[in-house]
Amino acid sequence: MARTNRSSLIAILVIIGGLIAVAFVNSNSLGNFGITLLSGLFQGMLLFLVASGLSIVFGLMDVLNFAQGAYFMVGAYVAYDAQHAGGLIDLTQAIPDPNLRFPVAVILAVIVGALLGVILERGLLRPLYARPVFQLVLTFGVALVMAEIIKFIWTTTPYSWTEVFGVRESFFELFGQRFSTYRLFVVGMGIVLIILIALLLRRSRIGIIIRAGVEDREMVQSLGINVQTVFTLVFTLGCAIAALGGAVAAPFLGASTTIGDIFLLQAIAVVVLGGMGSYEGTAIGSVMVGLAVAVAQDAAIGTSFAALPSITPMLLLILVLLLRPSGLFGNAR
Amino acid sequence: MTDSILEVRDIHTFIGQFHILEGVSVSVPVGSITVLLGRNGAGKTTTLRSIMGLTPPARGQILFDGKNIAGKHPHAIAQLGIGYVPEHRAIFRELTVHENLRIAERKRGDLARKADFIFELFPDLKRLIDLPGGNLSGGQQQMLAVARALVPDNRLLLIDEPSEGLAPVIIEQLMAAISRLAESSSVLLVEQNFRVASRLAQQYVIIEEGQSPAAGKIDALVQDAALVQRYLGVA
Ligand SMILES: Nc1ncnc2c1ncn2[C@@H]1O[C@H](COP(=O)(O)OP(=O)(O)O)[C@@H](O)[C@H]1O
Ligand SMILES: [Mg+2]
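The listed protein sequences correspond, in order, to chains A and B.
The opening position of the first sequence corresponds to residue 28 in the working numbering, with each subsequent residue numbered one higher.
The opening position of the second sequence corresponds to residue 468 in the working numbering, with each subsequent residue numbered one higher.
Think of the hints as simulated: they come from the structure by calculation, not from any bench.
Be aware that one or more of the hints could be misleading.
[Unchecked claim] Which bits of chain A does chain B cover? Going by a derived footprint, with three or more residues having C-beta under 8 Å, they are:
no.	segment
1	238-246
2	249-257
[Claimed, not checked] Residues from chain B shown here face chain A by an in silico Cβ test under 8 Å; the list is partial:
no.	residue
3	Met519
4	Pro523
5	Arg526
6	Lys534
7	Ile536
8	Ala537
9	Pro541
10	His542
11	Ala545
12	Tyr551
13	His555
14	Arg560
15	Glu561
16	Leu562
17	Glu675
Note that CB positions come from ideal geometry on N, CA and C, so glycine has one too.
Take these sequences, add in the hints, and give me the full structure.
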């Protein structure tokens, strides 16, 4: 136990230290270094919002929810549409102040994500718990169907965010560089969520049940706990958080039918490199992959190696699995 | 018959396509210990799992308090007041001792009410309360598994091979605890160690190749060396 923890800690420190060192060497000023770090943390937090649901649901239910990226996408569209004039959901009349409208748009996106999550778990997954492969195919199919429905409602043209509002536009200066306050806000929100979910898992009864269920679902049932209800709750929460990710990403990334795909792929890499089903691994893995991608984006500027950022998560995954075959916090099981 | 808390009647259980139980009947009188005896692979664990609903029987009846519970979900069966201590000390290794006990609460305050009784039976657990279950020794884990089943008000405990792989001193302590807790609830025990079983239980049921060919008072079995030899291979 203790030895596992120490060796994973060393692996984490070496990788994150290495990434920060590369970022530092690569940037010619402290300002640029800061930009890369903030961008890495920003992407890492968005990634965490997709990966946390993927990881906890996998650990508890043995379902790898390939639709997780689609929930991110739905979140982005709902928040975009609610914030902007015209479209299906238009809150511009009801809430004229865009700074007030945005949080409402985000909450709306989370609610839609949660509702779609309940529908998927109760309606489609539940009959298939005895057949894991079917579930995998099913979540993949659901992702495709959701993308088609989105295209039907919002067409295939990507939307870029045009509505100007305070937090999104504001900057602060440091080391002679302008930093986005909004990115800092998303990073802060991500950190708060990481801590809140950790507290939920550590301290609450439902959290104890979730951790116990990851270990031995049958025994949890034998204690008189209805795990089906716990499944629905956890799955719904995972979808809602992914939708939250899409909603807070939208002011920067806009909304498009492919927006969830990159995050889903990266999230799968995070879940595996963190150690399947480990919450700590997912949180740290998200930050790691986010940083690595930002460093790669920075390094790829002005070179012909434009694909570097998109293959970076997989390179990092390979590196981690070479160091620790069961992932950062995985126990060989 | 009316004073049986549990009445398993001719159950047949399949695992996949394998017909594992081919007609098992077990009766557990209120307020006593009944032991399932039989060789490895005879179907003792499957019998307990069938009662819990983990491998539901395809045929037959399981009457708890006179009501048929066969086919109910495991969590619903547990909520009726049945505690399960599976073989191989199935505690939650990542959860602390305290969390292992807390998760077994069925009503708020269960643990607070039972804590004194549990720590009196197993004083070690009090000292280890904040350690992860996986850090405990085999004997301590088994005590935790039994303690966990004592947190809610269970009227029947199903305990599967508690002494397996434990040192004699620890077995003594566990068995003393089990006979104490039989004062407040009925017990269906699986125990391979015939000497231990015969001291503890009042009734026995032999399980052999997925059936229950013999049952009765344990005193009668102790006298019947031929029967013991035939089904258990010990003299
Ligand atoms: N999951 C399973 N798949 C196939 N056969 C099983 C399974 N579990 C148990 N069995 C078989 O069922 C029989 C009874 O097993 P079990 O109830 O565990 O016996 P006991 O507890 O008496 O040692 C054994 O022959 C065993 O091989
Ligand atoms: Mg057994």
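Verification of the supplied hints:
no.	hint	result
1	238-246	holds (count 7)
2	249-257	holds (count 6)
3	Met519	holds (6 Å)
4	Pro523	violated (12 Å)
5	Arg526	violated (21 Å)
6	Lys534	violated (17 Å)
7	Ile536	violated (13 Å)
8	Ala537	violated (16 Å)
9	Pro541	holds (4 Å)
10	His542	holds (5 Å)
11	Ala545	holds (4 Å)
12	Tyr551	holds (4 Å)
13	His555	violated (11 Å)
14	Arg560	holds (7 Å)
15	Glu561	holds (6 Å)
16	Leu562	holds (6 Å)
17	Glu675	violated (26 Å)
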